[in-house]
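Engineer: Dock chain B against chain A, hints included.
Respectively, the protein sequence lines represent chains A and B. When you read off a place in the first sequence, starting at 1, and then add 138, the result is the number in the working numbering. When you read off a place in the second sequence, starting at 1, and then add 38, the result is the number in the working numbering.
In case anyone wonders, no lab produced these hints; they're calculated from the structure. Incorrect hints may appear among the rest.
[Unchecked claim] Below 16 Å or equal to it, Euclidean Cα-Cα: the simulated EDC-like pairs (lysine to aspartate or glutamate) are:
no., chain 1, residue 1, chain 2, residue 2
1, B, 143, B, 79
2, B, 224, A, 193
3, B, 224, A, 188
4, A, 391, A, 418
5, A, 246, B, 376
Given the structure is predicted, the values throughout are model-derived calculations rather than measurements.
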Amino acid sequence: MATHTMAQALNEALRYCMKDNDRVIVMGEDVGRAGGVFRITDRLQQEFGEQRVIDTPLAESGIVGTAIGLAIYGFRPVCEMQFDGFTYPAFEQITSHLAKYRSRTMSKIQLPVVIRIPYGGGIGAVEHHSESIEAYFTHTAGLRIVTPSTPSDAFTLLVQSIECPDPVIFLEPKRRYWIKEDFDLPVASPLPFGKARVVREGTDCTIVSYGPSMRTVEDAAREAANDDVSCEVIDLRTLVPFDYETVMESVKKTGRAVVVTEAPLTGSFAGEVAARIQEEAFLSLQAPVLRVGGYDIPYPPAKVEDMYLPDLDRVLDVVDAVLNY
Amino acid sequence: MKGLVDPATVSTEMAQVLRPDGTIVPDHGLDLDLKEDDHKELYRVMILTRLVDRESTNLQRQGELGVYTPSLGQEASQIGVGYNLQPQDWVFPSYRELGIAMLRKINPADILHLFRGTWHGGLYDYRAVRFAPYSVPIATQTLHAVGFATGAKFDGENLVALTCFGDGGTSEGDFHEAMNFAGVWKAPVVFLCQNNGYAISVPLAKQTAAPTLHVRALGYGMPGYRVDGNDVLACYAIGKLAFAHARSGKGPTFIEAMTYRRGPHSTADDPTRYRSDEELKEWEARDPVARYEVYLESEGILTEAFKQQCADEGKQAASALRASIVGAGPLEPTLMFDHVYDEMPPTLARERAKFVRDREGE
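Pulled out of the complex, with its shape left as it was, chain A reads as follows (with noise of 0.2 Å):
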C-alpha cells in the first residue's frame, strides 16, 4: 500500500481523469511549468501538455468566465485559484453565471467546471492567503460545495467533482496538504458524492465538522474518550449537498451536536447546520447546539493564528458544555 500526501492524491485524480477524459482541462496561474505553488498540478503539463494545462494571465475573473465559455463548448475546465482570498475578483462569474447558467437555460447549457481553492489558515501565511471562504458560495444556488479532510477523500471528491455535470467549488484545506496516508489508487469502494461519513461512532454527543477541522475535532474525541466521554464525529465532505440524514441519525441517537469550523460564526454554514439540527432534532435535543469557530474578525497575522484557530481545547469546552448543560 502507498502512502500520499493529499497534495498528491489531489494530483492524482487530476492525472486520473485527464487520462479518462480528454475533454479536461486544467487552468490557471503557474499550473503549468511551475506546476502550482501548492504543486498540485505538477508534472502534469510536461505529461498532458501546453493545451490542456494551461498557465492563464493573471486575472481571476479571467480563468473563470474562460471555463464558462470552455465549457459551453463542450470542455470540463478545472480552475485553479491561487489562494481563497484572491477568488473574490472571480465572484461575479461564479456567482452571476457559473451557478446560475443551467437554470437561466432550463439545462440545455450545463456547465461542468471545478473550481479548486486552497482555503482557510494555519501555514503561517500574509494577509488574504488564510481565509474561509465556504459560506459565500454556499448561500449561492446552483454550485456544489466540496471540502476533503483526508487524502483519500481528497482523490475521491476531487474525481466525483470533475465527473459531476454540475459546477464545483472544490475547497482544498491547504494546512492539511501534507498530511500522510496509506491506500492504493484509484481508491477502492468510494462514499458516494454528497455522503457524510461518520469518522467514529459514539453516543454522548455529535461533532459536525468539516475539510481542515477534521482532524482537530478527531484529536478532541479521542482526548475525550480518555475522560470517558463518547463523541459520534461526523466529516460532511460535501457542504452543498448537505447529508443532514447522516447528522440527524446521529443527534437523534448522541442528544446533543457541537458544530466545529475554523470560518467566523456569523454567517458561517455551521450556523446552517446548526439551525437545520434545531428544526429537525429538537425533541432529541438535550441541550442546545453550540458552535465552535473563528472570531469575527478579519483572519489575524500568522504569529496569533494559533490563538484563533479552534484547537483541542476550545472544542473540548465546548464538548462539556453540551454535555453539562
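Structural biologist: What follows is chain B alone, placed relative to chain A:
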C-alpha cells in the same frame, strides 16, 4: 521622444462608405463584395428588426413586458457586422442585440420571454441557433466568447465567436480580461463595441480618458477599427476584415461602431434627463435605415414592391410577436426548482415537495 506613447497622436477618424445622405464616400478603400441579394437581405433584416423592436417597446408600454431594451438606431452596427456570421459561428450578446438575433432567425418572442419574466434566459434552443442567452451583467459575456472560441480553436474547428457590448462595457474589468486573454490565446473572437454614446445616462467622456475606444485594441496586441456604426455597408466591410482575421488564425479584433441609442437605455429610463432634443435630432438625421434606402434606390436595388414586402413582413412579425406574448402565462412553477442542479440536493428536494404540497392545499 523615445519611449513615449502619446494619445494625442491617435486618429479619431472612422471608416465610412455611406454618408448620412446616402451617397457613397469616394475612395472609401473598403472591400464591398455584396451582391444585390445581399443588399436586399441586409435591408430586409434592418426593417424587420426595426418593426419588431418597435412592437417590443409597445408591448412593454402596454404592460406585457416588465422592461425592454430598444435597439432603435443601432440596426446597422448589429446587422452590418453580424452579416459576416457563418452558420457555425456563435454569438455572445449583451441584452440589446435584436438585429443579430433576427439574422440568426430566432423567434423574437422566445427572447422576449426574458423581459416578460417567463424565464431568465428566454425560451429558445441556444445551441441550435448558436446565440447564447442575453447576458445582463455588463461585459461578463465577453469572457465566455473568448473561452468558447479558444475551445473551438483547440479542436481545430473553423469558428468565430462574436461578442457584443456597449461603450460603458469597456470600463468593466471583465472586458479588459477578455481582450487580454483573447490576445494572448489568439482566440478567434470579434469584439463588437456599439459605442452608442451613453451608458444609461453617463456620457463617454465620463467613462474614459482614452481618445477613442478602438485604440484600446493596441494594448492587447490586436487590430482595432473605428467605423460609422450607422453605415451598414462600412460595418459589413469592417466586420468582414475582423471575421477573416479570426478565420485565418490571426486571433481577435476589436470594432468600435459609432452609433447612437435613440430610445431609452431601457423602457424604465427617461433619456430627457441627460440628453437634448437637438442631439437626438442630429442622430435621427443620420438614421441607418434612411441612408441605406437612399443608396439602394439610387442603385435600383430597392423597388417599391420590395420595400412594401419588407414592411409587410415586419408587420406580420410584430403581430406574431404580440400574439405570442400577450397573455402568455407563467410556466409550471416547479420548473424553478428543477433546473438548478443536475441532481437535486436532498434539502432542495424537500423544499420542492413542500412547495408542491402547499400549492395543492390552496
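Engineer: For every hint, state whether the structure bears it out.
Structural biologist: Hints versus structure:
A distance of roughly 12 Å separates the Cα atoms of residue 143/B and residue 79/B; the hinted pair therefore holds under the 16 Å criterion. Proximity of residue 224/B to residue 193/A is assessed by CA-CA distance (about 14 Å); at most 16 Å being required, the pair is judged to hold. Annotation: proposed proximity of residue 224/B to residue 188/A holds, straight-line Cα distance about 14 Å (limit 16 Å). Taking the CA atoms of residue 391/A and residue 418/A, the gap is about 13 Å. The hint holds against a cut of 16 Å.
Annotation: proposed proximity of residue 246/A to residue 376/B holds, straight-line Cα distance about 12 Å (limit 16 Å).
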